[in-house]
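There are 2 protein chains.
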Amino acid sequence: MRRVAIISYGMTKVDRHWNKSIKDLFSEATLKAINKVNIPKVDAIFVGNMCASDLCDQNNIGTVVADHLGMIPIPSYRIEAACGSGGAAILSGFMAVSSGLFDIVVVGGVEKLTDGVGKKATFSLGKAADFEYELFYGITFASLNALIMRRYMEVYKVPREAFADFAVLMHRNGAKNPYAQLQFEINRETVLKSEDIADPIKLYDCAPIGDGAAVVILCPLEDASRYSDSFVEIAGIGSATDTIDIASREDLLLLKSILIAANNAYKMAKVSPSDIDLAEIHDAFTINAALSLEALGFSKRGEFDKLLYDGAFEPDGLIPVNLSGGLKSRGHPVGATGVYQIAEIIMQLLGEAGKNQLKNAEIGLAQNMAGVASNSYVTILKRCR
Amino acid sequence: MRRVAIISYGMTKVDRHWNKSIKDLFSEATLKAINKVNIPKVDAIFVGNMCASDLCDQNNIGTVVADHLGMIPIPSYRIEAACGSGGAAILSGFMAVSSGLFDIVVVGGVEKLTDGVGKKATFSLGKAADFEYELFYGITFASLNALIMRRYMEVYKVPREAFADFAVLMHRNGAKNPYAQLQFEINRETVLKSEDIADPIKLYDCAPIGDGAAVVILCPLEDASRYSDSFVEIAGIGSATDTIDIASREDLLLLKSILIAANNAYKMAKVSPSDIDLAEIHDAFTINAALSLEALGFSKRGEFDKLLYDGAFEPDGLIPVNLSGGLKSRGHPVGATGVYQIAEIIMQLLGEAGKNQLKNAEIGLAQNMAGVASNSYVTILKRCR
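Protein chains in written order, with this note's numbering: chain A, 5 to 389; chain B, 5 to 389.
Keep in mind that the hints are not guaranteed to be accurate.
Each pair may be met inside one copy or between any two copies, as identical chains are not told apart.
[Unchecked claim] Straight-line alpha carbon distances no greater than 25 Å define the calculated DSS-like cross-link-like pairs of lysine-lysine that follow: (1) K17 with K271; (2) K363 with K40; (3) K271 with K45; (4) K40 with K386; (5) K180 with K45; (6) K260 with K45.
If you're looking for bench data, these hints aren't it; they were derived computationally from the structure.
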């Protein structure tokens with residue numbers, strides 16, 4: 005298996021980009037990535053996206069973005085795994101390069117949700133759930149996660165405030181990230197006094213609705229130094245699925261697809277959770293953060309709040325989490341999120357993260373998922389220079 | 005690059021499956037494929053689909069089908085390249101196995117269009133075109149192809165009847181295919197007297213709206229004989245894109261993405277068009293057949309009718325075309341079509357094609373595309389036993 009490097013990245017700010025289309029956003033991120041490196045060509049494009057068909061009346065966006073970028077006739081198609089589309093696109097790009105079929109590959113994610121703000125976006129996002137057994141009955145992801153958060157608080161006696169305090173940390177990080185949608189700090193009361201979305205989930209427990217695109221460029225590790233002075237290796241990559249409806253799960257509080265994807269990625273990278281210097285995790289709701297950190301092996305089950313108050317997830321903690329601000333503050337353009345996470349880890353590993361820069365980070369982990377982890381993608385990146 | 009075999013296939017009949025859901029159809033095809041071979045496990049699933057979000061309110065169908073099949077927690081996600089989704093899924097599966105990341109992979113396509121019969125399906129399929137410059141103005145694929153067919157007839161002086169006679173041939177083949185949606189013969193008058201869809205395109209120039217799923221199982225070539233007595237190799241595979249809107253093309257009558265994808269596939273398989281024993285081509289409209297056969301190198305440009313009347317495309321001709329009946333008669337469940345084509349070639353190569361069986365076929369070609377070839381997938385299969 006040919007080893008795979010990531011030699012560049014590009015992102016748009018996550019925002020309500022009323023005046024930019026899907027192809028504008030994707031092209032902006034791609035050109036940023038391409039302009040940083042010295043590559044002779046691009047061989048293929050993989051685009052993660054969930055909602056363009058529903059909210060922009062556009063399918064076939066692999067071709068749409070290849071055309072807009074002037075990259076025709078290279079192969080380009082779309083990858084969809086709901087909110088895990090970005091992570092699935094990274095996996096696709098990894099296989100494309102590691103197979104030897106393609107050498108230099110653009111992997112991106114793009115989403116434009118604000119065209120469908122309100123019920124239209126919520127319904128479209130709900131299609132990540134089981135239509136027949138969940139969405140049809142009016143359930144949303146806020147309500148599914150509310151059930152799980154209520155149970156978590158009851159089983160583990162974790163106070164509701166802990167979730168608010170995690171959101172506070174996310175906003176503290178995001179306030180220093182120029183790509184973040186919500187670049188401001190909040191306090192515990194901001195969360196607790198915000199509107200109920202689905203009790204006990206408040207508005208500030210939720211990632212915002214936003215638009216954005218993130219892109220990375222992959223190539224064989226052995227060629228990477230020809231194209232760029234600094235790059236990272238995809239040292240481990242794992243993916244797994246879980247039941248599409250949460251009612252079929254034996255244990256509501258164990259996100260098994262994350263656990264399995266992470267174990268596969270750790271094994272491939274020959275590392276353990278304690279070797280990871282920083283992580284970008286999928287905190288679409290604050291409860292997702294708790295369960296993700298536990299499934300990734302960064303916290304024992306039910307002890308998310310203990311580690312939070314020990315400062316473990318702070319920028320100078322044991323395992324800095326979401327220095328970007330995470331989905332909560334950086335934003336969650338769903339099909340792009342998994343690629344944003346990878347780009348943010350690379351920024352840190354290469355020392356390009358500005359005000360949020362961590363010292364001496366060598367190994368980073370990104371965890372992306374669909375819905376309540378009905379599928380998951382875990383990628384481990386290692387600094388190479 | 006690890007060489008890749010296809011060891012099994014399964015299909016549902018293409019039909020109006022009112023009583024079967026996407027997951028029912030996909031599972032039926034998958035279980036047929038799995039039950040034919042002796043495999044210890046499946047490592048991943050790739051699902052080609054275009055319209056489930058629009059017509060079935062279901063995204064994330066990679067997880068949906070993995071769950072329904074009882075195959076959780078293996079990785080499973082969706083590939084979308086409009087009507088080329090099946091071909092793109094085959095390419096994804098090829099890279100997955102050839103990279104060495106996965107060994108035994110299920111690649112399938114599924115589509116359920118009849119839930120949206122009428123305007124809803126037509127609009128959903130139109131999202132393969134450029135929304136901003138084509139679909140927004142009310143254009144459909146019938147009207148885009150009508151423009152091209154009119155031009156073809158004018159430039160090459162090909163009579164309208166030739167397209168009707170191609171449809172007659174497709175129905176003659178499809179009448180003998182138990183998986184075909186339209187299992188009956190027609191004559192020239194059936195086509196010429198059918199309703200106008202978009203002049204000069206008549207109803208019988210068009211593929212029908214239908215539901216179905218097709219699945220194949222891929223594994224490393226070196227392992228194939230452990231799992232099955234008979235199998236084929238993916239000897240060549242190519243893909244390319246073209247402008248999303250047809251107005252931007254220099255030559256309306258040259259489907260460049262097919263030409264480039266085919267040349268890449270021929271080169272990889274070290275064969276030329278004259279080595280191909282049979283082909284399944286993407287005749288969503290009869291004009292597509294003419295342009296596809298020319299771009300694939302089976303006919304000189306503008307001479308489609310000459311070869312047709314020479315009998316070249318007949319079952320006993322120079323290059324038997326669409327022994328399945330093609331999209332015209334077998335049917336066109338869009339995201340599944342590219343996988344149906346592969347399954348049909350395998351049936352022929354392995355001598356399992358029943359009444360349509362060709363003698364001594366060794367090399368087959370499948371050509372799948374999106375819209376008016378805004379992207380294309382060409383796969384060349386070689387018999388191995």
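Okay, the hints, checked on the actual structure:
1. K17 with K271: neither (34 Å within a copy, 42 Å between copies)
2. K363 with K40: within (23 Å within a copy, 56 Å between copies)
3. K271 with K45: between (33 Å within a copy, 20 Å between copies)
4. K40 with K386: within (20 Å within a copy, 43 Å between copies)
5. K180 with K45: neither (34 Å within a copy, 47 Å between copies)
6. K260 with K45: between (40 Å within a copy, 19 Å between copies)
Hint violations for this structure: numbers 1, 5, all remaining hints satisfied.
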